[in-house]
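K.L.:
Chain by chain, the residues run as shown.
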Amino acid sequence: MSKEDIIRDAIESMHKGNEKLAIEAMERAIAEGLDPVEILADGFSAGIREVGDLFSRGTVFLPQLMMTADVMQKVSALVDKEIASRGLTAEKKGVMVIATVQADVHDIGKGIVASLVKTQGIEVIDLGRDVPVETIIERAEEHKADIIGTSALLTTTLNEQKKLEEMLKSEGLRDKYKTMVGGAPATQRWADRIGADAYAEDAGEAVVKALALLGH
Amino acid sequence: MSKKYLTRYGDNYLEEMTEAEIRQDIEDGTLDAADRAQIPAMTSDDMDHLFEIISNPQKIVSVEPGNEVVVTFDAGTLKLCVRSDIPMDRLTACVTQERALGSDSIELCHVDYSYKPIKPIISEERQTMEQVQLMTTIPVLYGAMPNLGLYTKPDGPCGNWAELLPAGKIAEAKEAQEEAVQHSIKDIVFVASSMIESGADGINLDTVGASGDADVKASLEAVRIIKQKYPTTGIEMGMAGEFNLGMHGELTFDGEILAGMYPHQQVRMAEQAGVDIFGLVVNTNSSQSLAWNLARSVTLAKETVKVAKIPVHANVGMGVGGIPLSIIPAADAVSRVDKALVEIAGLDGL
Numbered sequence: 001m002s003k004e005d006i007i008r009d010a011i012e013s014m015h016k017g018n019e020k021l022a023i024e025a026m027e028r029a030i031a032e033g034l035d036p037v038e039i040l041a042d043g044f045s046a047g048i049r050e051v052g053d054l055f056s057r058g059t060v061f062l063p064q065l066m067m068t069a070d071v072m073q074k075v076s077a078l079v080d081k082e083i084a085s086r087g088l089t090a091e092k093k094g095v096m097v098i099a100t101v102q103a104d105v106h107d108i109g110k111g112i113v114a115s116l117v118k119t120q121g122i123e124v125i126d127l128g129r130d131v132p133v134e135t136i137i138e139r140a141e142e143h144k145a146d147i148i149g150t151s152a153l154l155t156t157t158l159n160e161q162k163k164l165e166e167m168l169k170s171e172g173l174r175d176k177y178k179t180m181v182g183g184a185p186a187t188q189r190w191a192d193r194i195g196a197d198a199y200a201e202d203a204g205e206a207v208v209k210a211l212a213l214l215g216h
Numbered sequence: 001m002s003k004k005y006l007t008r009y010g011d012n013y014l015e016e017m018t019e020a021e022i023r024q025d026i027e028d029g030t031l032d033a034a035d036r037a038q039i040p041a042m043t044s045d046d047m048d049h050l051f052e053i054i055s056n057p058q059k060i061v062s063v064e065p066g067n068e069v070v071v072t073f074d075a076g077t078l079k080l081c082v083r084s085d086i087p088m089d090r091l092t093a094c095v096t097q098e099r100a101l102g103s104d105s106i107e108l109c110h111v112d113y114s115y116k117p118i119k120p121i122i123s124e125e126r127q128t129m130e131q132v133q134l135m136t137t138i139p140v141l142y143g144a145m146p147n148l149g150l151y152t153k154p155d156g157p158c159g160n161w162a163e164l165l166p167a168g169k170i171a172e173a174k175e176a177q178e179e180a181v182q183h184s185i186k187d188i189v190f191v192a193s194s195m196i197e198s199g200a201d202g203i204n205l206d207t208v209g210a211s212g213d214a215d216v217k218a219s220l221e222a223v224r225i226i227k228q229k230y231p232t233t234g235i236e237m238g239m240a241g242e243f244n245l246g247m248h249g250e251l252t253f254d255g256e257i258l259a260g261m262y263p264h265q266q267v268r269m270a271e272q273a274g275v276d277i278f279g280l281v282v283n284t285n286s287s288q289s290l291a292w293n294l295a296r297s298v299t300l301a302k303e304t305v306k307v308a309k310i311p312v313h314a315n316v317g318m319g320v321g322g323i324p325l326s327i328i329p330a331a332d333a334v335s336r337v338d339k340a341l342v343e344i345a346g347l348d349g350l
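Top line first, the protein sequences correspond to chains A and B.
If you read the first sequence in the numbering used here, its first letter stands for residue 1, the second for the next number, and so on.
If you read the second sequence in the numbering used here, its first letter stands for residue 1, the second for the next number, and so on.
Pulled out of the complex, with its shape left as it was, chain A reads as follows:
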């Protein structure tokens, strides 16, 4: 079976949330001496991003998206095992602390972002909702995070993202982290205005931006 066929199966397995098909595709890739990391990136990661896009259009529903994310994590574990068997260490791309800001209880979107980012080899520490800026910074320090992601769904809570930027600066920590903002009222313009490093419109874009911030 060619590399292209395996990549096609990998993408299809993500669309169907089919664990058996996914594992078989990765096992074939390993058996045929292909680079599992390349298959993960070009097949499975591409597939899950497509599923994320379909979710944002109302074509795919949340249970299916979550099932796909779960299959993706199982494939990632298989890749880690294979890399370890070759005497190498699986690359953890980085650590992201993510939270819905204080006074905001909307966390469905943030939860989806966390689930998808996690599938890309980034460790995600989800702090939940209604989280004060002070706590976000404390936990980022504790987990030695690379990225701090915040979500705000309300125009009234959006300012917490600005408060985060200001507090990071006042505590001399701003250069230690990359910051990402999201949520319905957030825009690239808002990110630029407050000095955030990235803005993501949806979960699919959050994955791409997070990887880019980590140099991938």
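For the record, the hints were derived by calculation from the structure and aren't laboratory data.
A virtual CB, placed ideally from N, CA and C, is assigned to each residue, including glycine.
All the given hints hold, so there is nothing to weed out.
Across the chosen pairs, the derived CB separations fall in these ranges: (1) B/SER2 <-> A/ILE23: 54 to 60 angstroms; (2) B/LYS119 <-> A/GLU141: 44 to 50 angstroms; (3) A/GLU4 <-> B/LYS59: 53 to 59 angstroms.
Let chain A serve as the given structure and place chain B on it in line with the hints.
P.N.:
For chain B alone, kept in the frame of chain A given last:
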């Protein structure tokens, strides 16, 4: 140098754009809506009309005499007292909406704005409804949100599907939603029945679908029961988003899957349940221009009006319908959204 027109973005940001840029955004917006909902895009005449509305040099635009539509307010008794911080009680707010602001109908509501927490204060609500009815001549509806999230632990008896789904507990998440639907139907019917018997001219179910397709299912089933009990009472259903978010994915109403339905499909379900006025919602994208957002709204609204047998009103509040997502949306943008939805999409009310 090309002439530039002052316009807005979805975050209320003021921006100058050329004719070519505005026209491109109109085309992109309508194609996006058409592609997502699988419906026709705007015609070139409609796109020209929309460009004229957006590029009109007047700050405020309006419809021609004779083309006015009815204007109603959901959460009407929250907007003056709570959001505008004007110290007045709900009765005064209703009378102000009628006599000073020219509302054609008004909704009496409670600050909690969900059917579940209304139950323990139903006597107070009934008394206020009776007083408001004595003081007003416009139709007074009673309304709230189904808000299925309130039935999840720790606030309610059901599992929290927003936590169960990411944990991979899909069957449990679906079961929790099905259980919440039954609680919600009981509460909506109880509150609606009490308020109708206290003189409410109608019942409004607002922000339907905020908790996903189960929220929609509960609302439709409740409407069907209310309509059987009170056939002459008007029922309005306003949606939460431009498609039913599939948190469950398999829930049906009259045999049709509810998840993923766009407004032209949502309205058919609403009609079948017994809804008298459908409140269409199209989400505003805060990163896109007014032209792009409004083209999407008009495209989705026009198809909905075309297939609907009941009146369609658009929700034109903050962040929906093309209105910028800002605490105080600019009047220039608001009036353009209203005019376009009435003149191009043919809406019956706002």
